[in-house]
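Undergrad: Residue-level listing of the chains:
Number of protein chains: 4
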Amino acid sequence: MIIVMKAGAAKRDKDVVLRRIKELGYTSHVIHGTTRDVIGAIGDERGKAALQALENLHGVENVLPILQPYKLASLEVKKESSIVKISDTLSIGGSQIVVMAGPCAVESEEQIIESALAVKKSGAQMLRGGAFKPRTSPYSFQGLEEEGLKLLAKARDLTGLPFVTEVINPETADMVADYADMLQIGARNSQNFALLKKVGQLGKPVLLKRGMAMTIQELLMSAEYIMSEGNQSVVLCERGIRTFETATRNTLDLSAIPVLKGKTHLPIVIDPSHGTGNHHYVVPMSYAAVAAGADGLIIEVHPDPEHASSDGAQSLKPAKFDVMMQKLRLFAEADGRTM
Amino acid sequence: MIIVMKAGAAKRDKDVVLRRIKELGYTSHVIHGTTRDVIGAIGDERGKAALQALENLHGVENVLPILQPYKLASLEVKKESSIVKISDTLSIGGSQIVVMAGPCAVESEEQIIESALAVKKSGAQMLRGGAFKPRTSPYSFQGLEEEGLKLLAKARDLTGLPFVTEVINPETADMVADYADMLQIGARNSQNFALLKKVGQLGKPVLLKRGMAMTIQELLMSAEYIMSEGNQSVVLCERGIRTFETATRNTLDLSAIPVLKGKTHLPIVIDPSHGTGNHHYVVPMSYAAVAAGADGLIIEVHPDPEHASSDGAQSLKPAKFDVMMQKLRLFAEADGRTM
Amino acid sequence: MIIVMKAGAAKRDKDVVLRRIKELGYTSHVIHGTTRDVIGAIGDERGKAALQALENLHGVENVLPILQPYKLASLEVKKESSIVKISDTLSIGGSQIVVMAGPCAVESEEQIIESALAVKKSGAQMLRGGAFKPRTSPYSFQGLEEEGLKLLAKARDLTGLPFVTEVINPETADMVADYADMLQIGARNSQNFALLKKVGQLGKPVLLKRGMAMTIQELLMSAEYIMSEGNQSVVLCERGIRTFETATRNTLDLSAIPVLKGKTHLPIVIDPSHGTGNHHYVVPMSYAAVAAGADGLIIEVHPDPEHASSDGAQSLKPAKFDVMMQKLRLFAEADGRTM
Amino acid sequence: MIIVMKAGAAKRDKDVVLRRIKELGYTSHVIHGTTRDVIGAIGDERGKAALQALENLHGVENVLPILQPYKLASLEVKKESSIVKISDTLSIGGSQIVVMAGPCAVESEEQIIESALAVKKSGAQMLRGGAFKPRTSPYSFQGLEEEGLKLLAKARDLTGLPFVTEVINPETADMVADYADMLQIGARNSQNFALLKKVGQLGKPVLLKRGMAMTIQELLMSAEYIMSEGNQSVVLCERGIRTFETATRNTLDLSAIPVLKGKTHLPIVIDPSHGTGNHHYVVPMSYAAVAAGADGLIIEVHPDPEHASSDGAQSLKPAKFDVMMQKLRLFAEADGRTM
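Protein chains in written order, with my numbering: chain Y, 868 to 1206; chain E, 868 to 1206; chain V, 868 to 1206; chain B, 868 to 1206.
Incorrect hints may appear among the rest.
Unchecked claim - A few chain V residues that face chain B, going by a derived Cβ cut-off under 10 Å, partial list only:
#1 THR1039
#2 SER1057
#3 HIS1174
#4 ASP1178
What the hints assert, rightly or not - Okay, derived cross-link-like pairs now, DSS-like style, lysine-lysine, Cα gap no bigger than 30 Å in a straight line:
#5 LYS1130(V) <-> LYS945(V)
#6 LYS1130(E) <-> LYS881(B)
#7 LYS988(Y) <-> LYS1021(Y)
#8 LYS1021(V) <-> LYS952(V)
#9 LYS881(B) <-> LYS889(E)
#10 LYS873(E) <-> LYS873(B)
Simulated from the structure, these hints should not be mistaken for lab results. Just so it is clear, CB atoms sit at the ideal spot from N, CA and C, and this is done for glycine as well.
Full structure from sequences and hints, please.
TA: What follows is the structure, given as structure tokens:
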């Protein structure tokens, strides 16, 4: 931590800061500047919110953290990229780009089977579909719950595609883990720490979505929650942040890809469906995500979007998805990767 | 819903929209504009995400909702302001402004008792304190849990102040409700729908904080989750939203007070401590909140902020809190209210 | 500046940084941390963007500025609050709260005279009104220009109220200054540096509005532009920032009042009309602004808002303004100030 | 416009609205809903802010615009993509991707010549460089002004590369136009309407940057200002918007590409240098921009970024730029375009 003193702060104010730094177990180091002093507090600052409280001391202008607050997720701790294994034949984080596709919500056996067959035919390697749906309105369709999980498993049996589905409650997380190949933490639960700890204790890979108002550093802190419970199989997912712009449902922050690649060894997947909220924009944003270096994509595909129970406006039809996958392969090749 | 067609949309496109509106159980009504047609879909649009999916149809420019999606929280359903009863002698929502004060986290018996005595002496009517702490870092202090609840109950016994404390997990919510007078849903759990449903089933008043990226409409939808489970005792809390400004930890949106007063009968409380993140700004923002019509305040007060385990930078010392309470009374009187 | 090196940065990387710091005229000071080194660059860092470019050097994690980049606007340079003189009998920044009121745009002699008489009767000390209007659409009413300035002068002659009006172009700024008592820089021109320099050279007080995406620090930098040209009579104005919330036209950031009071000696005025965009919210936000310590208010009042050529939705009618002014006085008194 | 009445609004309130709609020259059309009435006001609503003022009428809930407020920039008016001619041999908007590259500011003859030669060698088709610099601080380097323009012209003579440079003041715009091939309106002047009108009157192509808090619709309105003065040669530029995320200087909104392609015929160029503020992120974001369909890129390249007078942290070195251009060509080919 760097403690910046006010210009003209009294010596006794500085002494109080120095004493407090020592009490907290740090070594201090003073730099005398031209108009003010700056004090370095040397030591591991992770997990020490106490230093931040020095801002309350008289004569202190502000307190600047130096270290990143995450460890396990950090490139400093693990330099090589992580490969998250989904099944015996599928991993996320290598030179193969992984596409997860399927409907927002599982609605019926026919719908999920039709979706799974279609996305497999076009080259998707995983199926997505919600059985527990976190909906803004209590009056909206909340998902088929366990019945939905069973239908997803049936689609997997038929197609061989492993599936990812959302967990929304620590109480039902074990049940979801019994069926699913990968557990999704949705944007609205990205700082639901009870749920993060729970999936950290389960032996399944996790797809962790960034919250709508979450900084990249906070996303890595949420990953750290899962990892600190023992589960290192975390894949990060950018799905749009909330800004003033209303032409898109969210603002898809593709620069999160290189930023994350410079800070963490965890793979990064992009969700252009929620990221834009409009099926017209999903295709070009998918191309852009691959060109920017994303390790994968998660895309909503629905056989009949106009009749979808949720998020129809952002779902691709299978035919459009198929065309997209063909061109996506060209971008992957231009980047020296496969799909 | 209003469906805006594209300029020059084909007749067959419009026919598909009209047919789909009928299928969904609505009556349609076409307005022929100078450059395009606009179609009204008449009927209760709450809980009908399906209409939004019409944006996916050919020839449709966009779909505009007309009705507010909440019912129970709405002024249209209940015109008189709600008074939420906390104890036999204390309610929130009337002409008396209610101040909840205390430390961010319960740290020890001595600390919570000292805090409770101090805030009571200055006129606070409720005690606040966290036993389960949702911390950004897994390495930060996570709270004393049930031990903290016991200490809060002890402080209540001693001072007569009812207390509000946070619930973070459906699995421990019953236990918290056994001790607390009011359950707080924190900003990071404001769209944790499993938790909202759970507190909706418990017989305790709820203090529902606005999430950092939550619109006022979404805040009311989260209240609706609680209310639709049978619990009408909901108090809303504005605690700052996330913006580009970094001079404050969050941007306290005081205009939420009159906006909410125009939409809901539920009381509104302001949290200037999290809203600004800096104890220097808590005092003027408390005055402003009362002048703008807030029904109450929730304020962090710590006997020794520099040694606080969390949020020390935004906590008031008891002496400063005391001075503030005296002046706050003058603003309350100017507004024809009491404290 | 504080230069944070990467963990494990090579000695030669550090040497390059140290050499570069010396070249730029700073003294360096190294703190050896537990995982990385931190280098302080000692010297006046204002106006030295060059140091920021050190981020481009190999082995550098990031560069943190320590000093505020403004001088003349800073409390460090001038400790007592500035009183900006508008006329022989009116100043902004003392214990009297100054209210500027009037229509968004000057539309006709009748309209501006009627407005001036009404706001004076209710206690406003200044008239506001736009003659040059910066409108988002080229097809909207752009103002009466010099004719509007003449009408404002006529209203001043009749009522004795000095007036503030906007300048939008360096080419017409002299002309506006010939008529007006105070020059307004609008939110959209808050970083129009050519215009800022121009009004810095004119001998008239300036009302400088915060831009929609402007940090408080940038607002002070724009004030610095005006002051560095020789004009110290600057009044800052918070008028709402752009956020994700759409219930209000902007999000009025009242915490800017105490933040600015802690950084600058310049007076602060609040614009609740543009800050909320809705006349229903103007009244409570005006009360809140005064309670938070604002030095003044600028409020849109129109005799016939439904027929206003611009911003009718946020304009108060004279009768509502009159009721507000009476209650505002009670809040001013509670704060020990006058109006 | 759609005027939404409050639930239970009185008949006389509705009558006032209907009368006012008629006065404004519109035809009204009432839809009787289940809980409230909705009134369509039929007619050209562009430039009619007056309708918005109906929100001030008793019984009105809100007013929703239907039409886009721009005409000349709209796809509805001109369906085929615009090709903006820069020189006899270079145009923006066709199947060739145009790269503009060079330093943030012109610093010396040697620097701009070296830059121009380098970027040309790597395949850039235009030179960029600032002669008038809009700097946040009055104490920062403000550019070489006319001397800088002369050096840019010299670099053009030597290399054949046309150049784009910023205009910041209507008073000096003619002078800039005498030298430059394309005039840039910077983000901070994106709603400086006096400047927009001025460049609308000059016969040079304009590169219009999006402001930091500007919606896509507002960007098109600013283009409309230029076009309504007679200059149709407008190229739009996305350069990052301001959000809560601080890991990047701005948040580059690449989804603006498909959104704009769906609304306007004007070409779209991406500025990944300002959009991210960090040279590490410029390369992947350039690839992403091309994959998403951008018509061009504007990139900061400096022969010696660590010594740059401004924006060194986001400037590429020529060698890195050269590598990027080679790979960029592969992405362009994957998209069926040239460079």
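Undergrad: Now tell me if each hint is right for this structure.
TA: Consistency of the hints with the structure:
This hint holds: THR1039(V) has a C-beta 8 Å from the nearest C-beta of chain B, less than the 10 Å allowed. Checking SER1057(V) against chain B by beta carbon gives a least distance of about 8 Å; that is within 10 Å, so the hint holds. A distance limit of 10 Å between C-beta atoms decides the matter here; for HIS1174(V) the minimum to chain B is near 7 Å, and the interface restraint holds. Taking 10 Å as the C-beta contact cut-off toward chain B, the hint placing ASP1178(V) at the interface holds, the least distance being around 8 Å.
About 10 Å separates the Cα atoms of LYS1130(V) and LYS945(V), which keeps this hinted pair within 30 Å; it holds. With a C-alpha separation of about 21 Å, the suggested pairing of LYS1130(E) with LYS881(B) holds against the 30 Å cut-off. Note on LYS988(Y) and LYS1021(Y): the hinted pairing holds, with a Cα-Cα distance of about 17 Å set against a maximum of 30 Å. Restraint check for LYS1021(V) and LYS952(V): the C-alpha separation of about 21 Å stays at or below 30 Å, so the hint holds.
Between LYS881(B) and LYS889(E), the direct Cα distance comes to roughly 28 Å. Compliance with the 30 Å bound is thereby established for this hinted pair. Of the supplied pair hints, the one linking LYS873(E) and LYS873(B) holds, its CA atoms being roughly 28 Å apart against a limit of 30 Å.
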